[in-house]
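Trainee: Dock chain B against chain A, hints included.
2 protein chains.
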Amino acid sequence: MIITVIGLGLIGGSMALELKSQLCVHVIGVDAKIEHQKQALDRSLVSEIADLNEGVQKADVVIIATPVDSIEQLLPQVLDIANEHTVVIDVGSTKSGICTKVKSHKNRARYIAAHPLAGTEFSGPQAAIKDLFKGKKNIICEHELSAPDAVDTATQVFNSMGLTTYYMGSKEHDRHLAYVSHLSHVTSFTLGLTVLNIEKDEKQIFNLASTGFESTARLAKSNPETWAAIFDKNNEFLVEALDSYIGYLQKFRLGIVQRKTSETKALMTEANDIKRILQR
Amino acid sequence: MIITVIGLGLIGGSMALELKSQLCVHVIGVDAKIEHQKQALDRSLVSEIADLNEGVQKADVVIIATPVDSIEQLLPQVLDIANEHTVVIDVGSTKSGICTKVKSHKNRARYIAAHPLAGTEFSGPQAAIKDLFKGKKNIICEHELSAPDAVDTATQVFNSMGLTTYYMGSKEHDRHLAYVSHLSHVTSFTLGLTVLNIEKDEKQIFNLASTGFESTARLAKSNPETWAAIFDKNNEFLVEALDSYIGYLQKFRLGIVQRKTSETKALMTEANDIKRILQR
Chain A
0 MIITVIGLGL IGGSMALELK SQLCVHVIGV DAKIEHQKQA LDRSLVSEIA DLNEGVQKAD
60 VVIIATPVDS IEQLLPQVLD IANEHTVVID VGSTKSGICT KVKSHKNRAR YIAAHPLAGT
120 EFSGPQAAIK DLFKGKKNII CEHELSAPDA VDTATQVFNS MGLTTYYMGS KEHDRHLAYV
180 SHLSHVTSFT LGLTVLNIEK DEKQIFNLAS TGFESTARLA KSNPETWAAI FDKNNEFLVE
240 ALDSYIGYLQ KFRLGIVQRK TSETKALMTE ANDIKRILQR
Chain B
0 MIITVIGLGL IGGSMALELK SQLCVHVIGV DAKIEHQKQA LDRSLVSEIA DLNEGVQKAD
60 VVIIATPVDS IEQLLPQVLD IANEHTVVID VGSTKSGICT KVKSHKNRAR YIAAHPLAGT
120 EFSGPQAAIK DLFKGKKNII CEHELSAPDA VDTATQVFNS MGLTTYYMGS KEHDRHLAYV
180 SHLSHVTSFT LGLTVLNIEK DEKQIFNLAS TGFESTARLA KSNPETWAAI FDKNNEFLVE
240 ALDSYIGYLQ KFRLGIVQRK TSETKALMTE ANDIKRILQR
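Chains as they are written, first to last, in numbering that gives the first Met the number 0: chain A, 0 to 279; chain B, 0 to 279.
The following block holds chain A by itself, in its conformation from the complex:
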């Protein structure tokens, strides 16, 4: 099987690495950045590098793993070039806009809208790692618009990386992700900005940072290009989530300002219910 991975960053690079280790799989890499092409070859993430046309024409399966704004642009082109047996998968973190973009494309049935729920705060081909997807969940959206054989092939590809696939609507997916992933990134970036700003006056401030800070600010290391595109494409749901967050934050702030510990205690007791979810 020939699999072409477009975009050799953390996600695409890790998928290429995983698939290339399998018997009878030949992985072709496509990336607009010469630097990424070089790093992917140096790290043996792919067997060869090709341009977009050649990579897609040769492939049985194409995986598009570029930032979500670029996926929206590339996907119609890839579906134009691909032959009638090719399966074209995108693995972007937002799904609704991308699905809408190709809704009426003549080759829509060859397309699989996927999102493997895995990642780290690092980026680029150098960040690609083995087993990134092992034991993780994968979402396929609007699978009823994809040909059954394409869903089968894509599911097998995801299974082979250790992912378990679930199905849901693209709007529902985007709304959920706004709350349980995208919002966490905004709050983490914001925390980073806040403490870096005070560091201008208080040079030693990070000496006192403990594991709690590290845990909450870790995502502030994430790639701006990737996340600017995600925030933009999931605009509507993310603003909804942010406004709910800001509402709770203002409640908290008011409790602190007015020194009503009973109020802040009540909010925290409510938040403690997260123990039900994060059990470890």
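No lab work stands behind these hints, which were simulated from the structure alone. Take the hints with a grain of salt, since some may be wrong.
Said to hold, decoys possible - Across the chosen pairs, the derived CB separations fall in these ranges:
no.: 1; chain 1: A; residue 1: P75; chain 2: B; residue 2: E235; range: 49 to 57 Å
no.: 2; chain 1: A; residue 1: D200; chain 2: B; residue 2: T99; range: 21 to 29 Å
no.: 3; chain 1: A; residue 1: K57; chain 2: B; residue 2: E262; range: 35 to 43 Å
no.: 4; chain 1: A; residue 1: D200; chain 2: B; residue 2: H84; range: 40 to 48 Å
no.: 5; chain 1: A; residue 1: Q21; chain 2: B; residue 2: T268; range: 31 to 39 Å
no.: 6; chain 1: B; residue 1: R42; chain 2: A; residue 2: H25; range: 55 to 63 Å
no.: 7; chain 1: B; residue 1: S46; chain 2: A; residue 2: T163; range: 45 to 53 Å
no.: 8; chain 1: B; residue 1: L253; chain 2: A; residue 2: G134; range: 48 to 56 Å
no.: 9; chain 1: A; residue 1: A265; chain 2: B; residue 2: P147; range: 44 to 52 Å
no.: 10; chain 1: B; residue 1: P147; chain 2: A; residue 2: K129; range: 52 to 60 Å
no.: 11; chain 1: B; residue 1: I245; chain 2: A; residue 2: E47; range: 44 to 52 Å
no.: 12; chain 1: A; residue 1: K100; chain 2: B; residue 2: E235; range: 47 to 55 Å
no.: 13; chain 1: A; residue 1: I245; chain 2: B; residue 2: T268; range: 22 to 30 Å
Stated by the list, open to error - Calculated pairs, DSS-like style, for lysine-lysine (alpha carbon to alpha carbon, straight line, at most 27 Å):
no.: 14; chain 1: B; residue 1: K57; chain 2: A; residue 2: K170
no.: 15; chain 1: A; residue 1: K259; chain 2: B; residue 2: K32
no.: 16; chain 1: A; residue 1: K259; chain 2: B; residue 2: K100
no.: 17; chain 1: A; residue 1: K129; chain 2: A; residue 2: K57
no.: 18; chain 1: B; residue 1: K136; chain 2: B; residue 2: K100
no.: 19; chain 1: A; residue 1: K129; chain 2: A; residue 2: K37
no.: 20; chain 1: A; residue 1: K199; chain 2: B; residue 2: K274
no.: 21; chain 1: B; residue 1: K135; chain 2: A; residue 2: K100
no.: 22; chain 1: B; residue 1: K133; chain 2: B; residue 2: K170
no.: 23; chain 1: A; residue 1: K37; chain 2: B; residue 2: K170
no.: 24; chain 1: B; residue 1: K57; chain 2: B; residue 2: K129
no.: 25; chain 1: B; residue 1: K57; chain 2: B; residue 2: K37
no.: 26; chain 1: A; residue 1: K259; chain 2: B; residue 2: K19
no.: 27; chain 1: B; residue 1: K100; chain 2: A; residue 2: K274
no.: 28; chain 1: B; residue 1: K250; chain 2: A; residue 2: K250
no.: 29; chain 1: A; residue 1: K37; chain 2: A; residue 2: K100
no.: 30; chain 1: B; residue 1: K19; chain 2: B; residue 2: K136
no.: 31; chain 1: B; residue 1: K199; chain 2: A; residue 2: K170
no.: 32; chain 1: B; residue 1: K274; chain 2: B; residue 2: K250
All C-beta atoms in this analysis are idealised placements derived from N, C-alpha and C, irrespective of residue type, glycine included.
Mentor: Here is chain B on its own, set in the frame of chain A:
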């Protein structure tokens, strides 16, 4: 050496456990909650349980590890009871209010205002663990008001738990901690509240939560009583930190609402400088 630990929760319990394992150290536990007394004995965190008077009178070193509001109330009483050789240490997460409270106490020189920078999101005697303090930093504030022999003894106690001690002013301490610890707790609790709220409509939402969410929401499991007191006692600096955070959050929100990816990208690139601090 007889060491009395007042408050047998995560911090006090872990200290008791650590100290009790050392040769020639006898650890007396004091806790207002019968349940905590029982758990501390069951887990052998302490050698015996005593009431406040007896515990303090017998001790060479007293460690107060209750919530910070309770420390403010207990500390003057403990200094009243303690004899002239006793060293009285508090290990609360805020220092300025506590230091002010005993500034003119006749036994001020026997008091050490400390804060070991260690913890987990769990609480109570059951959460006490060995090696919690190993390799961590300890802060002593206003050490110039403590007798040199008391500073020496306290530093030896902290060293024996694997802590390295640094000195700073209590205001400076509280301001720094507001940014690199207390703010992270507020944002984490708020994130928990936000997602628990949307869960009322979207029952399956946590199925999609990834490691990024877990990392940023982990602190929402923390003890409301402990943290309500910290937020209240560090009121002024925490509100300053929160307002700076809210300012950046509003900038971010505006960039997202107005779909200015160049703006959100610029904010995230600035936040990426956190890589300098969080290197792993």
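Trainee: Compare the structure with each hint and give your call.
Mentor: Verification of the hints:
At about 56 Å, the beta-carbon gap between A/P75 and B/E235 stays in the expected band of 49 to 57 Å. The hinted range of 21 to 29 Å is satisfied by A/D200 and B/T99, whose Cβ atoms lie roughly 23 Å apart. For the pair A/K57 and B/E262, the beta carbons lie near 40 Å from each other, so the given range of 35 to 43 Å is met. Taking 40 to 48 Å as the suggested C-beta distance range, the pair A/D200 and B/H84 conforms, at roughly 41 Å.
Evaluation of the 31 to 39 Å hint for A/Q21 and B/T268 yields a pass: the beta carbon distance comes to about 37 Å. For the hinted restraint 55 to 63 Å between B/R42 and A/H25, the CB-CB distance of approximately 58 Å keeps it satisfied. For the pair B/S46 and A/T163, the beta carbons lie near 51 Å from each other, so the given range of 45 to 53 Å is met. Take B/L253 and A/G134: their Cβ atoms lie about 39 Å apart, and the range 48 to 56 Å is violated.
Distance hint check for A/A265 and B/P147: the Cβ-Cβ separation is about 45 Å, which falls inside the suggested range of 44 to 52 Å. Between B/P147 and A/K129 the CB atoms are about 56 Å apart, so this pair conforms to the stated range of 52 to 60 Å. Judged by the Cβ atoms, the range 44 to 52 Å given for B/I245 and A/E47 holds: they are separated by roughly 50 Å. Separated by about 51 Å at the C-beta atoms, A/K100 and B/E235 satisfy the suggested range of 47 to 55 Å.
Checked against the hint of 22 to 30 Å, the C-beta distance between A/I245 and B/T268 comes to roughly 23 Å, which is consistent with it. With a C-alpha separation of about 66 Å, the suggested pair B/K57 and A/K170 falls outside the 27 Å cut-off, and the hint is violated. For the given pair, A/K259 sits about 24 Å from B/K32 by alpha-carbon distance, which is consistent with the 27 Å threshold. A threshold of 27 Å between alpha carbons decides the hint, and for A/K259 with B/K100 the separation of about 21 Å falls inside it, so the pair holds.
Restraint check for A/K129 and A/K57: the C-alpha separation of about 25 Å stays at or below 27 Å, so the hint holds. Between the alpha carbons of B/K136 and B/K100 the distance comes to roughly 25 Å, so the proposed pair stays at or under 27 Å and holds. Between the alpha carbons of A/K129 and A/K37 the distance comes to roughly 19 Å, so the proposed pair stays at or under 27 Å and holds. With a C-alpha separation of about 16 Å, the suggested pairing of A/K199 with B/K274 holds against the 27 Å cut-off.
This hinted pair does not check out: B/K135 and A/K100 have alpha carbons roughly 52 Å apart, beyond 27 Å. At most 27 Å may separate the alpha-carbon atoms for a hinted pair to count; B/K133 and B/K170 meet this at roughly 26 Å. Of the pairs offered as hints, the one joining A/K37 and B/K170 is violated, with about 52 Å between alpha carbons and a cut-off of 27 Å exceeded. Pair hint B/K57 plus B/K129 holds up; C-alpha atoms about 25 Å apart against a cutoff of 27 Å.
With a C-alpha separation of about 21 Å, the suggested pairing of B/K57 with B/K37 holds against the 27 Å cut-off. Proximity of A/K259 to B/K19 is assessed by CA-CA distance (about 38 Å); at most 27 Å being required, the pair is judged violated. Restraint check: the Cα-Cα separation between B/K100 and A/K274 comes to about 36 Å, which exceeds 27 Å; the hinted pair is violated. With a C-alpha separation of about 20 Å, the suggested pairing of B/K250 with A/K250 holds against the 27 Å cut-off.
Between A/K37 and A/K100 the CA atoms are separated by roughly 32 Å; this puts the pair beyond 27 Å, and the hint is violated. For a cut-off of 27 Å, the pair hint linking B/K19 to B/K136 stands: about 21 Å separates their Cα positions. This hinted pair checks out: B/K199 and A/K170 have alpha carbons roughly 18 Å apart, not beyond 27 Å. Between B/K274 and B/K250 the CA atoms are separated by roughly 22 Å; this keeps the pair inside 27 Å, and the hint holds.
Hint compliance for this structure: hints 8, 14, 21, 23, 26, 27, 29 are broken, all remaining hints hold.
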